[in-house]
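Protein chains: 4
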Amino acid sequence: MVIATDTEMPTTRQVVRLGIIGAGRIGQVHCLALSRNPKAEVVIVADFFVKAAEACAQKFGIPSAVQDWKDVIRNPAVDGVIICSPSDTHHEIILGAAKAGKHIFCEKPIDYNLKRIDEALATVAQSGVKFQLGFQRRFDANFQRVRQAVQGGEIGEPFMLNIKSFDPAPPPLAYLKQSGGLFFDMMTHDFDMARFVVGSEITEVTATATSFDKEITAIGDITTAIVSLKFENGAVGVIQCCRKAVYGYDQRLEVLGSEGAVDINNNYPNTATVYGADKIKRDLPLNFFMDRYKQAYEDEMISFVDAVANDTPTAVTGMDGKIPVVLAFAATKSLQENRTVKVNEILYGKSVM
Amino acid sequence: MVIATDTEMPTTRQVVRLGIIGAGRIGQVHCLALSRNPKAEVVIVADFFVKAAEACAQKFGIPSAVQDWKDVIRNPAVDGVIICSPSDTHHEIILGAAKAGKHIFCEKPIDYNLKRIDEALATVAQSGVKFQLGFQRRFDANFQRVRQAVQGGEIGEPFMLNIKSFDPAPPPLAYLKQSGGLFFDMMTHDFDMARFVVGSEITEVTATATSFDKEITAIGDITTAIVSLKFENGAVGVIQCCRKAVYGYDQRLEVLGSEGAVDINNNYPNTATVYGADKIKRDLPLNFFMDRYKQAYEDEMISFVDAVANDTPTAVTGMDGKIPVVLAFAATKSLQENRTVKVNEILYGKSVM
Amino acid sequence: MVIATDTEMPTTRQVVRLGIIGAGRIGQVHCLALSRNPKAEVVIVADFFVKAAEACAQKFGIPSAVQDWKDVIRNPAVDGVIICSPSDTHHEIILGAAKAGKHIFCEKPIDYNLKRIDEALATVAQSGVKFQLGFQRRFDANFQRVRQAVQGGEIGEPFMLNIKSFDPAPPPLAYLKQSGGLFFDMMTHDFDMARFVVGSEITEVTATATSFDKEITAIGDITTAIVSLKFENGAVGVIQCCRKAVYGYDQRLEVLGSEGAVDINNNYPNTATVYGADKIKRDLPLNFFMDRYKQAYEDEMISFVDAVANDTPTAVTGMDGKIPVVLAFAATKSLQENRTVKVNEILYGKSVM
Amino acid sequence: MVIATDTEMPTTRQVVRLGIIGAGRIGQVHCLALSRNPKAEVVIVADFFVKAAEACAQKFGIPSAVQDWKDVIRNPAVDGVIICSPSDTHHEIILGAAKAGKHIFCEKPIDYNLKRIDEALATVAQSGVKFQLGFQRRFDANFQRVRQAVQGGEIGEPFMLNIKSFDPAPPPLAYLKQSGGLFFDMMTHDFDMARFVVGSEITEVTATATSFDKEITAIGDITTAIVSLKFENGAVGVIQCCRKAVYGYDQRLEVLGSEGAVDINNNYPNTATVYGADKIKRDLPLNFFMDRYKQAYEDEMISFVDAVANDTPTAVTGMDGKIPVVLAFAATKSLQENRTVKVNEILYGKSVM
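Chains as they are written, first to last, in UniProt numbering: chain A, 1 to 353; chain B, 1 to 353; chain C, 1 to 353; chain D, 1 to 353.
Pulled out of the complex, with its shape left as it was, chain A reads as follows (with noise of 0.2 Å):
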């Protein structure tokens, strides 16, 4: 692939130029980091809703604004795509992308078809444009260096692995009976995290779960969840997830090994403690992803743009997109059937897809 620069100009004025499609707060947090990126242009954004196209691109100063994604992926000026529409439109998206030879960059999930999924992995490679998913845990300064300890050696081999994974509240009902529920809306991040962190596929995975909200339970998803991993390389680990801690985002990770362990813990808005009467109080963490995983965001653009213009691989692929949805298939059947479900039966399988 050669990406498009402005002229003729040394290779340290390429810039690469980007659309965005999905001007809501996603869109915009990535308009914002890429703003920031004297490497990177925004050079057209696309919403459903045009004023909201409109309005985005004033705010960031990006020269054109318009309806219809196929606009962007038409636009000889656009090198690369930042998909950030609704779900269930990022299949077709990418498809229309990667035919257009437009470099890919899309939140997740990819779909949660495994089928669809794997036509859109396979236009992707086809095309032989870039395409990177949007797991910005996977860039966060706490997250990496664990990562950095475990694959370092820090730790020796790991044996253990436990994330903890709480949001501070339930979404809106209405969002929740189209999320795919907890497996698939929540825990995909933290199937994500554990391959990432541990550096080695999931070979099995066992469910419990409950729900504290009756709503939620009508609905036929559930609050809590305690999934079992096993790994290829024989470690073992657990994901806890929750929707709703009181006291903020709860975002940790500890891995066990054979010659140490770490774990990381929450990052909080400031250090201080303050020293009372009857207690010692500290305040809540950063409260949800946005503040969370700001430069998390930020960074993962970064690598987006750095993979594109210098034509080296991205930081999540493809497949790194597939697996979270297979796995979350499995911790869904594991649940149904009160029993461990090897991840093969999901990916050879088809009863569930």
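Just so you know, the hints here were simulated from the structure itself, not pulled from any lab data. Hints are supplied without guarantee of correctness; some may be wrong.
Said to hold, decoys possible - Residues on chain B that point at chain D, a partial pick, calculated with CB under 10 Å:
1) Glu259
2) Gly260
3) Asn266
4) Asp283
Stated by the list, open to error - Just a sample of chain B residues kept apart from chain A, beta carbon distances all over 12 Å, derived:
5) Ala55
6) Pro86
7) Gly101
8) Lys115
9) Glu119
10) Ala141
11) Leu173
12) Glu215
13) Asp291
14) Lys294
15) Tyr297
16) Glu298
17) Asn310
18) Lys322
19) Leu347
The model shown is predicted, which means the values in this text are computed figures rather than measured ones. Just so it is clear, CB atoms sit at the ideal spot from N, CA and C, and this is done for glycine as well.
Let chain A serve as the given structure and place chains B, C and D on it in line with the hints.
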């Protein structure tokens, strides 16, 4: 039950007179605790290796040392016995002591056979003696503070529990061969802690496990296990056990609830942090259960002596001793059959016992 | 003051147009912050080394680069200047900018001569321009949280302050020779912080100091100092400064009050802890002021731009710039004369200035 | 010195026989510690309030209780005395005990009159008895770890010390009136700790202080003090004392050195953290010296008994008792004269003693 008193002195002079059965390491821990307890007096110590009984007697100023535990329960000056002999003798001694009208403090386990446990508990019940099991962790300030937070409503309704319980290093193979395996030898303490802090019975368990040690694998045991739990009150939980954490004895626990969460950290020999040119360092946690639970061992003995002296219920009952064994059977079955096992399958089933 | 606006657009289109004087490290930090601030526009940059000005202009897309700072204050398109030139030029540029009606953001110090400081402040006052001094720590989330705790009554009446302020390593001797010495170069930041968090003026100082470096001793400077403070409100305090902390930049602060206390810790690149067979380790804190106060530098510039745009008072005044210099003189005198020095001796005395 | 032994048994049967002088709170702390020490036996207890002596004797099984401390030093069965009587009796009892050939453990202070201290120390030296002063903090695991770090070279050459020493609340005025004032009553412990961890003598002190309590001000005392120190080895330090910290007993210390730093935190009753919807909370530290230094009190008594039993030097000498009093005089003089005071002015001067 009326306890023996030295004379017809007022109750403040009441001293509980005890016999120690088993003069090994844990027997001596209890002798030390009792030597510091003005309400208790150890009047006799028994050990099959009579030299050990004699050495213990001399060290702690105990007037009588014998070989046969039956000499302890026959002794009319003895109000109660502290059973610290090998696990496979517990059943017989409990039966003997109960029939002799002696109060019983028994190190875990009662037995690993559920029929024999039931027989022991029935005999205790018929005799009316006090019975306390040696789950010393219940007396630890950290675990008690968690229980207080959960039971006192500080975190609302509990949603999810996580227990981490890692030993510094595996015990010798010879020990492991007769230990009953990780679920029985190690995780019964954690099953008890799960019930203690959540305050609800466990109804289902699901186990995932691995082994990092070929010799341990060869004897059919595991080194690293994850057991997911469902509680009667709707909460879920997960226990992580490992035979090896090179940085020391790691005993932590967290509970997430509807109004908050509580966690505990390990105990350390000092609070010093050393800041160097490459890292910030602190010393390792207290290394093993004798150090970590030193105060808890003393306090469980105070609790037992008080229960006897004041004719009040003991803090850890016979049923508290039985249920973790049932759970260990359920975890074993879950691991064998790769499925969630309802605890009722063990309690009323026939296959395992 | 009326600030220039691009056109007769509504106030939301107001953009503060700024000139940078001094294109070195800190000048570029401000350029970056301003490039991210939609309310500001850098229209010119000056540096005696004109190549540096040109490089800066290219890097941040600034339309004009010049050698002479006078070209900045003469420029009618400029609303305000950001003074980042060497300390000994600050006085002259402040006078020039104020007389030209340009708002002023000035890096510390205004000057180290009290008469010249007074002259600069008087000229600023007469001209009516905004003036903000570059005490960026006031914008740091940790220090702000302490101030909030103290001023908001969370700890009652403050009794005692402790500030620790250690650099990773001494600067080069060449720098130290013209730095004014530790009290002026380093501790003025801490004097400001003491006033900021306690919210009361310092009336007496007493200094104790030592030097661990022969070369620094040889030029008449110190490496390690303790300065005790008395505040007008009756509180006492102590500042500890050191030129060398091998583990990195150490910036901590504690206030003890009648109803509690508050302290802050350093900021770290990640929250990971690694547990090894010998020690428990974490990475070193953010190493120096550019990393530690990255966000504070951005926020102080937002604050200045807002003060200009909205015609509101600046967050750090000229007097806030003068008083720490007075305190540095008092500390110097205290050290020379081995006695407590009342700050009034400096403000109204004649010997030192 | 030869210590008495019960019989001509081998040395392992040697028991140090002690008399307690003063049966108040601290006397009972020592009785408890000695009751747990198999190498020691308390054979007599004296208290001017003979009922207190009798109650103590009954509680700890001490065979003899008397009113007059002279009956203790006359008793041929007594190898040494533990002086826990009011401070103004220490001098006389030390002289009497030393002349009677009894080893001496003495609570602080020896006296607050330097001539009487010198007389006491000279008498002890002539008699050849062991003498240990009750600076129990030297036996605390945290302070010992700091000393080990400094003396063992973990932080290189020490540059700067900071001690924070805050009581939960001021003692009653009646106590304060006869206490000698904050420098003598409270800070002598910290002066000792400064010497203990830095391992060098203090040569200069400079004091700053205030009072937040009118009644304490009215009796000429202070509540809050900062004393800067210079050490013989070139290091500097600062001690902060306050009579009131509503969150409890606060005892912390930091040393910065050429190769690193070391600090210690307080001790807490448990390690639990509770995460709520508004704050993250933990319980207050151990509240006062009896809880905080429980183990240190036991260990200092073990150390004294061992020194007597093995005829080895004591861990805290008479000179260790004198120097903090000299430093308290120097701090008082510094506060009165608003200047740095060289310690030699007190040691060899005439005005203060």
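The hints, checked one at a time:
{"no.": "1", "hint": "Glu259", "in the structure": "holds, 7 Å"}
{"no.": "2", "hint": "Gly260", "in the structure": "holds, 4 Å"}
{"no.": "3", "hint": "Asn266", "in the structure": "holds, 7 Å"}
{"no.": "4", "hint": "Asp283", "in the structure": "holds, 7 Å"}
{"no.": "5", "hint": "Ala55", "in the structure": "holds, 39 Å"}
{"no.": "6", "hint": "Pro86", "in the structure": "holds, 30 Å"}
{"no.": "7", "hint": "Gly101", "in the structure": "holds, 45 Å"}
{"no.": "8", "hint": "Lys115", "in the structure": "holds, 28 Å"}
{"no.": "9", "hint": "Glu119", "in the structure": "holds, 33 Å"}
{"no.": "10", "hint": "Ala141", "in the structure": "holds, 16 Å"}
{"no.": "11", "hint": "Leu173", "in the structure": "holds, 18 Å"}
{"no.": "12", "hint": "Glu215", "in the structure": "holds, 15 Å"}
{"no.": "13", "hint": "Asp291", "in the structure": "holds, 19 Å"}
{"no.": "14", "hint": "Lys294", "in the structure": "holds, 24 Å"}
{"no.": "15", "hint": "Tyr297", "in the structure": "holds, 27 Å"}
{"no.": "16", "hint": "Glu298", "in the structure": "holds, 27 Å"}
{"no.": "17", "hint": "Asn310", "in the structure": "holds, 32 Å"}
{"no.": "18", "hint": "Lys322", "in the structure": "holds, 23 Å"}
{"no.": "19", "hint": "Leu347", "in the structure": "holds, 18 Å"}
In terms of the numbered hints stated before, the structure departs from none.
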